[in-house]
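Protein chains: 2
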Amino acid sequence: MAEPATTPAATGDWAPKVFEEHGRELLASLRGHFEQVRDVPVARPYDPAELMSRLDTAVPQQADDFSRILADTWDKVVPDLVQWNHPAFHGYFSTCASFPGVLAETMTAALNVNAMLWKTSPSASALELVVLRWLADMAGYPADADAVLVGGASLATLYALGAARDAAYDHDVREEGLAGPGVPVPRIYTSDQAHSSVDKATITLGIGLRNVVRIPSDGDYRMRADLLEEAIAEDLAAGRRPVAVVATVGTTSVAAADPLGPISAICRRHDVWLHVDAAYGGLFALSDALRPALEDVSVGDSLVVNPQKTLFVPLDATSLHCRRRGALANTYRLVPEYLTSTHPGGTADFMDLSPQLGRGFRALKLWWVIRSFGLDGLRSRLDHAVDLANSLRALAAAHPDWDCPVPSDYPLVCLRYQPADGPRPDTPEGQAARDALNARIVEELNGAGEAFVSHSVIRDGYVIRVSLANIHTTSDDITRLWNALNRVAEKCR
Amino acid sequence: MAEPATTPAATGDWAPKVFEEHGRELLASLRGHFEQVRDVPVARPYDPAELMSRLDTAVPQQADDFSRILADTWDKVVPDLVQWNHPAFHGYFSTCASFPGVLAETMTAALNVNAMLWKTSPSASALELVVLRWLADMAGYPADADAVLVGGASLATLYALGAARDAAYDHDVREEGLAGPGVPVPRIYTSDQAHSSVDKATITLGIGLRNVVRIPSDGDYRMRADLLEEAIAEDLAAGRRPVAVVATVGTTSVAAADPLGPISAICRRHDVWLHVDAAYGGLFALSDALRPALEDVSVGDSLVVNPQKTLFVPLDATSLHCRRRGALANTYRLVPEYLTSTHPGGTADFMDLSPQLGRGFRALKLWWVIRSFGLDGLRSRLDHAVDLANSLRALAAAHPDWDCPVPSDYPLVCLRYQPADGPRPDTPEGQAARDALNARIVEELNGAGEAFVSHSVIRDGYVIRVSLANIHTTSDDITRLWNALNRVAEKCR
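Line by line, the protein sequences give chains A and B. Quick note on my numbering: the first sequence kicks off at 1 and runs consecutively. Quick note on my numbering: the second sequence kicks off at 1 and runs consecutively.
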C-alpha cells in the first residue's frame, strides 16, 4: 500500500519527486471535488461528540502514508466542514477562493518567504507595494498612501485605530500609555450597524467598550451625521477625547453605506480621524453598478478593503491603507527615529506598519488572481454577482409570499417569507411568529445541505440573508436556491 | 501559446480540469526548483530601483495566461526573494516549510473555510482543538488549557498580554479602558534580551513603552530573577500595577532561556501573570537533548509556541495556550455572558479567544505535517538540527581562528572569526576592528549567495549567527557552509 518512495527517512523532507506525485494525487482529488461540487452538501447535520471522537486521536508516533492522510481528510474532515467554497454557500459574506489563488498558496508555501523587512524578501516586499497600489486604485483611494497587507479586517481596524489613538493625544501615548493623571477619556464613534471589530479593537487598545459611542442609523441603516456631530460636541464639552469615527461601507447586516461626505466634514471640523471600514463594500468600486456610491472612500484617513471577501483571493488577504503618511509607523515602528516608513528608493519594511513582525508573502496570490482575470474580468465577475442578486430580488418581488424589505445595490439580498395566510406583524405575537417562521426556513434550508444562508435582524424583524459573491455561482444556482427556498418555506408554513 | 481551455470567460473560475493542468505545471516547476536548489543563490545583489521598475506595472486590464504568469514569477520575482526555504538559509530563525505542509496549504485554500465559529466550520474547529492538544503535549503544557492558532508569535504575545492586563485590575478594563482618574500605571517586566514583540504589544495595548521594565540578564543572557523581584516591589511601593512578566525560552540573540522556576515563584508571590514566550524554544521539548531544559514551561499562565519556526509548517501557524481558563474569552469575547469559551460538548468558537473574527483553517497543515512525519520523525529531525549545530560548533572550536563565544544546546550557533594576527578586543579600537571584520564576513557571505546568515551583538561584540532548522539541510551543507565561511574570512581578514 505504501510506496517505497514515501517511506520517511529519519531526516529530511519528501524527495521533490514524491512531492510532485503526492501533489498530483491531491490535485486529482480536488478536481473531482469541484467537478461534482453541486452533489456535495454545503453542510450536513452532525453530532459534535461523534465528530470529536472521530478526530481526537493521540499524537501519532509513526509517520503515516500521504494517501491515507489525504483519504482521512476527505472521509473524516471534509464532510463536516461547512463548504464555504461551494456555489450554493451564501452565508455571512460568502468569501471564495478562485483556482489561481489556490495555486498561488502552493507556491507561497513552497517558498515560505518572510516579508517582514525589505532585505528579508526584496521582491516579495516590492510586489506587495505593487498590489497595494493596484488595490488602492481599484477602491479609489490614493495610491501613494501608506499601505500594508494584514490577516483580516478586524486586525486592520485594530491597527488603524491604534494609530488614530496615538495621533489624538497631546502626550506621547506610544511611550506613556493611556493610564495616568489627567488623560482625557478616549472616544470612538461608529453607527449602531457597525461590525464587532470596532468593539474588539477598542477592548484591545485599552480604550474600553463603554467608550464606543454607537450613533443611531437612519431608516436606510446609514449613520446619522447630525447625531454624530452632537455626540462629538457633547464629549468635547465634557473633556473627553474624540479619537476616531469608524464609518462603514457595506454593513454586515444589510450592506448599507454611511454618508462619507457629511461624516468627513464633521471629522475635519473637529480634527478627528476617519477610518473607513469598506471591508465588504470597497472593492465593488470595480463594478459599474456600484462605483458611483463608492466615490467618497478617499476621504478616509484610513481605509480597509478585503480582497479575501470580494476579489476571489483565499483567506487571508486584507489591505489597510492610510493617507496620513507615517502615522502607522509612528505607532508601530520600533526604531527610534521617527522617519517615514518608506526608505530612499521607495522600499518598505512592512513590519513597521503593524504590531506583527513575521509575515508571509501574501502579495503573490493577489498578483496571480488579478493577472489571471484582469481588471475587466474581475469587474465582469462582480457585475455578475450583482446581476444574480438582482435576479433573486426580482423573483421575490414577483412572488406574492415573499418580499425584499431592504433595497440594496450590493449582492447581499435580504428576503422575508410572508404568505398571505401566514402570521402578520401587526401585533407582537404576529411579529414573533413571522420571525420564527423565517428562522425555521433558514434552519431547514441549511440542514438540508442544498444551500447555506444566514440571517439578519433588521428594524422590523428577522430576515433571510443571502450573500452572492462566489465565483462558481451561476444563474442556474439561483434558480435552484429559489426553488429550495420555496419548497422549504411551503414545508415550514 | 495560450491553450483554448485557459481563455477566460466573463464569469466563473477556471474549469476544474484546467486547475489540475495548471497545478501540474506548477508542481513540475517546484520539483525542478527543489531538485536544483543548491544551485540557486540564497540571495543575490540587486538594485532596488531596477527591481521596482521590473514589477511596477499598471493594473492589468485583460486576463493573462497562467503559463506566462508562472514564468514571470520564476523569472522576475523568485530570483530576488531571499530563499528562506533553502538548505543554506540560516538567517533569523530559519523557518522552513515541508512538502506535506505545502500541499496542505493547497487544500486549505481550495476549501477556503472560515473557522471563526464552531458552526461555520465544525470539523475545522474540531481539528484545531485536536492539534492544539497535540502541540500542548509536545511542549509540556496542560492540554486542557484554552488555546488558539494565531498568525504569528507577536500577535500571540499581544493577545496574551491583553488578557493579562484586563486580569490585573480591580476595575473592568475591557469595559472602561485604561484612561481615567486613579488608574494605576500598568507595568510589564521582561529581560533585556526579550523580543521586540513585547514592546509592540505594549504600545498596542495602551500600556506605553516606558512601562516595559527591562530586567538585566546574567552572564548567560538569562533574566535575573532577583532584579525582577526588586523591580516589582519598587513598582508596588510606588503604586504602579504589575500586569505581567514575559519570560523567554530561546531568546532571539543567543537562544537563552530565562529561569522559569524562580520567575514563576515571584509571579505567584505577587499574583502577576507569567507569559512564556517559547516561540523559538518551546517545541524543542521534543528533542531528547533539549527536553530537560524545557520542563518548566507549564508554569506559564500563558504560553506561545511557534510551529512555523520549528515544526516544518509553512507561514503562518503559531499557537497560544492559556491555563487561566476563560481569561482570553473574558477579554475578547463579545457576547455578554461571561461563561467559559468552551461549549457543552467540548466545542469552541475560536473567534472568542482573540481580537480576530474571520480566520482560516490553519489546523489542517499541522495535522498533515505531524501525521506525515510522526512524533518520532519530528523528534529525529529536531535532533538532527541539534547535531548539525554541534558539528559546526566542533569545527569552530577545533580551528585556531574561530570561536563560539556563547554555549547553547539549541541549533543556533554564534561564531566569531578571530585570527591570531587579526584585531584583538583588548582596546576599543581592536574591538571595533574585530566587529567590523566579522560584519564584513556576513556581508560577503550573504552577497555571494552560497549561504545566508544573520548576526547578533552580544556583550563582547558582534557575532555571526547561524540558525539551523531547515528540514532540507544536511551535513554536507554544513561542510559547504564551513568552507564558505573560511574562504570568505580569508578574503576579508
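Read the hints as simulated data drawn from the structure, not as lab findings. You may find that some hints are simply not true.
Because identical chains share one entry, a pair is satisfied inside a single copy or across any pair of copies.
[Stated by the list, open to error] Derived DSSO-like pairs (lysine-lysine); straight-line CA-CA distance at most 27 Å:
1) K491 - K119
2) K119 - K76
3) K491 - K76
When Cα atoms must be at most 27 Å apart, do K491 and K76 count as within-copy, between-copy, both, or neither? neither (32 Å within a copy, 59 Å between copies)
Same-copy or cross-copy closeness of K491 to K119 [CA-CA at most 27 Å]: between (62 Å within a copy, 24 Å between copies)
Go through the copies and call it for K119 and K76: within, between, both or neither, with a Cα cutoff of 27 Å. Between copies only: 17 Å across chains, 43 Å inside a chain, cut-off 27 Å.
Comparing the model with each earlier hint shows a violation of hint 3 alone; every other hint is respected.
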